[in-house]
Structure formats: structure tokens, C-alpha cells
Amino acid sequence: MRVAIIGAGISGLALAYYLQKLGVRYDLFEGETDVGGLIRTETKGPYLLELGPPSLQMGPEVQELLQELKLEEKVIPAASNNQDVFIRKEGHYHGVPSTLRKLLLNPFFHWRTKLQITQESKLPPQEVPDETVTQFFKRRFGQDVVDYVVQPMVTTLYGGDPEKLLLEKTFPHLKELERQHGSVLRGLDLEEGLYTEPVFSLSDGLQTLPQAIASKLVSLHVAHKVEMIHRAKGKFLLSIQHDVESLADEEFDAVVIALPAHAAAELLDFTSPGLAAALHNITYLPSTVVHTAYRKHAVGFPLEGFGAFHPEKEKPFANAAIWRSVLFPGVCPEDEVLFSSVISAGLTPEKALLPQNEILLRVHEELKQNYSISSNLPVFQHVHHWPQAYPQPDIFITDAHLLAKALEEEQLYACANWIAGPTVRDSITYAKVLAQKIYSQRASLL
Numbered sequence: 001m002r003v004a005i006i007g008a009g010i011s012g013l014a015l016a017y018y019l020q021k022l023g024v025r026y027d028l029f030e031g032e033t034d035v036g037g038l039i040r041t042e043t044k045g046p047y048l049l050e051l052g053p054p055s056l057q058m059g060p061e062v063q064e065l066l067q068e069l070k071l072e073e074k075v076i077p078a079a080s081n082n083q084d085v086f087i088r089k090e091g092h093y094h095g096v097p098s099t100l101r102k103l104l105l106n107p108f109f110h111w112r113t114k115l116q117i118t119q120e121s122k123l124p125p126q127e128v129p130d131e132t133v134t135q136f137f138k139r140r141f142g143q144d145v146v147d148y149v150v151q152p153m154v155t156t157l158y159g160g161d162p163e164k165l166l167l168e169k170t171f172p173h174l175k176e177l178e179r180q181h182g183s184v185l186r187g188l189d190l191e192e193g194l195y196t197e198p199v200f201s202l203s204d205g206l207q208t209l210p211q212a213i214a215s216k217l218v219s220l221h222v223a224h225k226v227e228m229i230h231r232a233k234g235k236f237l238l239s240i241q242h243d244v245e246s247l248a249d250e251e252f253d254a255v256v257i258a259l260p261a262h263a264a265a266e267l268l269d270f271t272s273p274g275l276a277a278a279l280h281n282i283t284y285l286p287s288t289v290v291h292t293a294y295r296k297h298a299v300g301f302p303l304e305g306f307g308a309f310h311p312e313k314e315k316p317f318a319n320a321a322i323w324r325s326v327l328f329p330g331v332c333p334e335d336e337v338l339f340s341s342v343i344s345a346g347l348t349p350e351k352a353l354l355p356q357n358e359i360l361l362r363v364h365e366e367l368k369q370n371y372s373i374s375s376n377l378p379v380f381q382h383v384h385h386w387p388q389a390y391p392q393p394d395i396f397i398t399d400a401h402l403l404a405k406a407l408e409e410e411q412l413y414a415c416a417n418w419i420a421g422p423t424v425r426d427s428i429t430y431a432k433v434l435a436q437k438i439y440s441q442r443a444s445l446l
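Residue 1 is where the sequence shown starts when you use full-length UniProt numbering, and the numbers rise one by one after that.
Worth double-checking, as some hints may not be accurate.
Below 20 Å or equal to it, Euclidean Cα-Cα: the simulated DMTMM-like pairs (lysine to aspartate or glutamate) are [claimed, not checked]:
id	residue 1	residue 2
1	LYS89	GLU366
2	LYS164	GLU131
3	LYS432	GLU408
4	LYS122	ASP189
5	LYS225	ASP243
6	LYS233	GLU409
7	LYS164	GLU350
8	LYS216	GLU72
9	LYS233	GLU408
10	LYS138	GLU168
11	LYS175	GLU120
12	LYS368	GLU304
13	LYS351	GLU314
14	LYS313	ASP144
15	LYS313	GLU350
16	LYS216	GLU32
17	LYS313	GLU163
18	LYS122	ASP144
Derived CB-CB ranges, DEER-like [unchecked claim]:
id	residue 1	residue 2	range
19	GLN126	GLU250	50 to 60 Å
20	LYS296	MET228	49 to 59 Å
21	HIS242	LYS70	26 to 36 Å
22	LYS216	HIS242	20 to 30 Å
23	SER246	SER215	20 to 30 Å
24	ALA223	PHE270	16 to 26 Å
25	THR33	ARG231	24 to 34 Å
26	LEU402	GLN126	22 to 32 Å
27	GLU250	PRO302	53 to 63 Å
28	THR33	GLU250	18 to 28 Å
These are computed hints drawn from the structure, not numbers from a lab. Computed from a prediction, not measured in an experiment: that's the story for all the values here. Yeah, the Cβ is synthetic: ideal placement off N, Cα and C, and Gly gets one too.
Could you put together the complete structure from these sequences and hints?
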């Protein structure tokens, strides 16, 4: 059996790694010279900048992978007691706990909202077709929870509007709690809370992870852009740019598309037009990450937590500001503070069109006001824009998921964040399961 994997982001890399462990022959093709996709680290003088995910979440598969790659010594856990978050409300930051139950019952909310939250266990469960995140939380906890907790967190994670994102594609576990226990809070009590794994970084930056995986792969081909997939007599053939290894002459028993939906759609227009059409309908939203540093003595706000979320009702410029140097000391000079501001254009598309100079200025002005910063200018600033960062798990993604699953019968698979989920942990877990699935098909293809 031989498998072609197209795309060396974290999904494609992890899949190749797990197939290699299982003894399945594969070829991993990447059109660029670098691997890792959205996981990208840059060093600018003394500043270690994460342009993609600001941190990774630990979990069994991630921990196992780090051990096998001998990266344990490079793991930097988030600073202890610094994972609570702040939410801006009525012009002020309010500290709220990072666990869901404590957050929902926090004094941050008005007494009427807290009363509604405490009555959640008495509400009957409902099955609402294509229920959105907003509909679910409003139904069970009220509009205040939607406005000041759900919206800012969902917009930061997915870049979009919780009024459009499907609950089953974003927080399926919460829906399961309602189904099984009749109440989210009762379910959390019975399951001893919604446990979340700790976050971490790596001493040389998160890009160390995809690079470490790539270094272990025996059949990785960078600068090999796949232009077309052909089917012939039950096998797959590829058209490849710069095919110096004559890999276009090879036959593959299975193909895995590990690309963003829009890139996968272009590749599948001829081979699988139905899936291609569904993939074309998946919306991707842009994101901008701005790193800003100030001298510690210039910051008048006590930075003790993960960072801050900014609800849209507060009319912010940045959706969130992560206190990066508080979480991971060493990413900037010791006498400085480094903020990572996330600007998602899902609710305000005009932000994506602003020139870089204006973005940098507006981020600085907002940080200066929010954190009582006395400096007229930051010590350092850096901006990075992702034109297509977040696939939106809205009603349009459902068809793509159904068609992708159906095509697995024809040995055509998908392995990317539009089907696995938004986090690196989601991608690694999905890749491991898919590798086992492909391995189990091996006997029928020999």
C-alpha cells in the first residue's frame, strides 16, 4: 500500500509520522520550502514571536508525540497561577476564572444573569436543528453570557460570529452534557467539571514541533506542488510541479488532502467535483497578530493572568490581548512586557483592509489606554497578517464533512483543521486516528 499526502502543515506532518510508525509507505508533498502551515515562529532580535497559535494545549497524543520527538526538555509550561483571564466590561477589566463553571457563576455577572445561570439545571433539554453557539448559550444561560463571555472567546478562537457557528462543530461536548444529563451545569458536576489540559510553548518557538516531525520523515518532498489528482484503474496519479524525482510516474492506493479548504477545492475540481464545490463554500476569515513591547515600569496595570478578551459590545480594536511575557518569560528582554494582540475581522471586515501603520498605531493606543501605559511609543512592534486564517464551522461546512467522509470509501481522505478542529491538538489527534484507519484498510489493498 502506498499513500500520497498533500500538504505539510501540522495535519499532514502528523499523519505521515503516524503512517511511518505503522509501516505504511507514503509520500508527503509540500508546495512550499517550509513546513508547518500556520505554526510559524520568528525571532526579531531579543523577541521570540509566534505568528500563528500563541501556545499549544497539552493532551495524551501531544504529550506522547513530544516524548517521541525528544522535545520534553524544550517544553515551557505556562507560568503557574497565570491562566485566568480578564474580560473588558464597561471600560474596565474584570478577572474571571478560566474554568467554565466558576466563570459562569462569577460576580462579574449581574444578579439577574446569575439567577438565570443558577436556573439552568431546571430547563428542559431541546434538540434545535443547526443550533448556533449563540442560540445554545442564550437559551441556557442568557444574553449577557453570550455578549461578555461566548462572543469574545469564540471570535478569538474561530475568528467569526458565534451567531453563525454551529454548536455541534464547535463545542459538541457541551451539547452532549445537555443530552445526557439534561443540563450543562449538572453534567459538569457529575463529570467533575470540564477539564482542560494546560497550555505550553517551546523554548525555541512552536515551529520547533513541525520541524522536528519533518526531520523524522523519510518521504517528505518540499517544493513539490501537486497540481492535479488523476484516477486510473483504481489507483491515483499526481501531476507535480518541479517533479525532479519522477514521482508523477508513481501509483498511489490512497490520497490524503491535508490542505486548507480553498486549496483542496482547486485540487479536487476535476477528481471530486461534489466535494470541491462544498469546499469552495467554506468561508475563511483573516486574522492579524500584533506583538507590542513596553518597559515594565511603564505599564501601570498588574498583569496577573493569561490575558484579556474584548467583547464586541465594548467596541474594541483588538479582540484579545495575550500577556505573552507573563505566560512565557524569556520571549522578550527581562525588563519588558510583550503583548500579543489578535485582530479578527469576522465581525468587522473593514479591519482587514487597514494599512499596517494604522493597525500598529491603533493597537498601541488601545494598549496604552487599557493598561495605563505611560510610554508615548512602544519599544518594539511587529505585525503579521493571515489573509485566510480561520475556516468557519458554520452551516456550509456540514456538506463538506459529509462528502469527505463518504469519499473515504474510495480511499480519498481529508486531514486538515477544517475537518479536525481549530487547534493543533485537534489536528494531531485526528491524524493519529486517520493513520490507524488507513492502516486497517491495508489488507484489502494489498
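Structure-based check of all given hints:
Annotation: proposed proximity of LYS89 to GLU366 holds, straight-line Cα distance about 15 Å (limit 20 Å). The suggested pairing of LYS164 with GLU131 holds, with an alpha-carbon distance near 9 Å, which does not exceed 20 Å. Pair hint LYS432 plus GLU408 holds up; C-alpha atoms about 16 Å apart against a cutoff of 20 Å. Annotation: proposed proximity of LYS122 to ASP189 holds, straight-line Cα distance about 14 Å (limit 20 Å).
Pair hint LYS225 plus ASP243 holds up; C-alpha atoms about 9 Å apart against a cutoff of 20 Å. Annotation: proposed proximity of LYS233 to GLU409 holds, straight-line Cα distance about 15 Å (limit 20 Å). This hinted pair checks out: LYS164 and GLU350 have alpha carbons roughly 19 Å apart, not beyond 20 Å. At roughly 16 Å between alpha-carbon atoms, LYS216 and GLU72 fall within 20 Å of each other, so this suggested pair holds.
Between the alpha carbons of LYS233 and GLU408 the distance comes to roughly 17 Å, so the proposed pair stays at or under 20 Å and holds. Distance check on the hinted pair: LYS138 and GLU168 sit about 16 Å apart at the alpha-carbon level, within 20 Å; holds. For the suggested pair LYS175 and GLU120, the alpha carbons sit about 14 Å apart, so the restraint of at most 20 Å is met. Simply put, LYS368 and GLU304 have alpha-carbon atoms about 17 Å apart, close enough for the 20 Å limit, and the pair holds.
Under the criterion of a C-alpha separation no larger than 20 Å, the hint pairing LYS351 with GLU314 is consistent with the structure, at around 16 Å. At roughly 11 Å between alpha-carbon atoms, LYS313 and ASP144 fall within 20 Å of each other, so this suggested pair holds. About 17 Å separates the Cα atoms of LYS313 and GLU350, which keeps this hinted pair within 20 Å; it holds. A threshold of 20 Å between alpha carbons decides the hint, and for LYS216 with GLU32 the separation of about 18 Å falls inside it, so the pair holds.
Of the supplied pair hints, the one linking LYS313 and GLU163 holds, its CA atoms being roughly 14 Å apart against a limit of 20 Å. Restraint check for LYS122 and ASP144: the C-alpha separation of about 19 Å stays at or below 20 Å, so the hint holds. In this structure the supplied range 50 to 60 Å holds for GLN126 paired with GLU250, their Cβ-Cβ distance being about 52 Å. Taking the beta carbon of each, LYS296 and MET228 are about 55 Å apart, inside 49 to 59 Å as hinted.
Judged by the Cβ atoms, the range 26 to 36 Å given for HIS242 and LYS70 holds: they are separated by roughly 32 Å. Checked against the hint of 20 to 30 Å, the C-beta distance between LYS216 and HIS242 comes to roughly 24 Å, which is consistent with it. Range check, SER246 to SER215: about 25 Å between beta-carbon atoms, so the 20 to 30 Å window is met. ALA223 and PHE270 have their C-beta atoms about 23 Å apart, which keeps the hinted 16 to 26 Å range intact.
In this structure, THR33 and ARG231 meet the distance hint of 24 to 34 Å, their C-beta atoms being roughly 29 Å apart. Hint check: LEU402 to GLN126, Cβ distance near 24 Å, so the stated range 22 to 32 Å holds. At roughly 60 Å, the beta carbons of GLU250 and PRO302 sit within the given window of 53 to 63 Å. At roughly 22 Å, the beta-carbon separation of THR33 and GLU250 lies within the given 18 to 28 Å, and the hint holds.
In the structure shown, no violation is registered for any of the earlier numbered hints.
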